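Novice: Please work from the sequences and hints to get the whole structure.
All letters in the sequence shown, in the order written, are residues 98 to 394 by our numbering.
These are calculated hints, taken from the structure and not from any lab test. Small disclaimer: the values here were computed from a predicted structure and weren't measured. We put the beta carbon where it would ideally sit given N, CA and C, even for glycine. Errors might be hidden in some of the hints.
What follows is a list of derived Cβ distance ranges for each label pair [stated by the list, open to error]: (1) Glu347 to Ala273: 30 to 40 Å; (2) Pro289 to Pro153: 48 to 58 Å; (3) Gly337 to Ala149: 43 to 53 Å.
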Amino acid sequence: MSAHAMSHAIPHIRGRIRAGVPLAPLTWFRVGGPAEWLVRPADAEDLVTLLAGLAPGMPLTVLGAASNLIIRDGGLPGVTLRLGGGFAEVVVEADGIVAGAAALDVTVAEHAAAAGLAGLEFLSGIPGSIGGAVAMNAGAYGSEVKDVLDWAEVATPGGVQRLTAGELRLAYRHAALPPGAIVTRARFRARPGDAAPRMAEIRAAREATQPIRARTGGSTFKNPAGQKAWALIDAAGCRGLLRGGAQVSEKHCNFLLNTGTATAAELEALGEEVRARVLDHSGVSLEWEIKRLGVAA
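Specialist: Here is the structure:
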């Protein structure tokens, strides 16, 4: 799309609009093509202006920490939205934390711990940002967002709405956001207590069991009811499986790795091969937890 055409498809905002921005450096896998347009609104009001003024049919992709995401090699058409510093504020209250959507989950957990608040330690084990954590009801180490969320604010073309946890109908890796709504901030309940010991346990467990220093996207597949995805993958003989530069982790086989030269296509194809082998071995059809977005090269 030309700059002239863009001016009619994307409204003028106070934030930044850039064309053809490489997205691979922003993702944890370090793969994928460019954004046709990368947009960073200045604040929630600016985001509402963007949503209200986008041309009908304009593709819109929200990019958070990009930790649980494969962007395909052809990149993302239309507008890729990335919330920046204006959405990263963390405010400590007497019995909870209010955090912007761009704040990292671990940062929120650390703020709570420093303030003598407990109950949010599990966030330190989730490699993502608050917006994504709310949108998918992220969970780890025995807790989920639904256990501690009071409310979330979301931007829509009509303005900003505040929705309670009940209104979001949080379920396993799901929140019932209004169509086209984007999380801008959220409030989490906490209680007085020493969070340091639990956070140390979580840190040690992640170090021991997950390839956290590799180019990975976290848990690849959702756990089927009553079962563990990693165990099904292991039983199907997929631990260490390779396809080009993509590999099933030897350390935790529900993690895919970019060993250094992988393409998005190789990672996605490896995931589909794992799904096929698990289905053949156990009859269970694994469901992707990692999002796969964009167009093939």
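Novice: Return the numbers of the hints above that this structure violates; sort them in rising order.
Specialist: none
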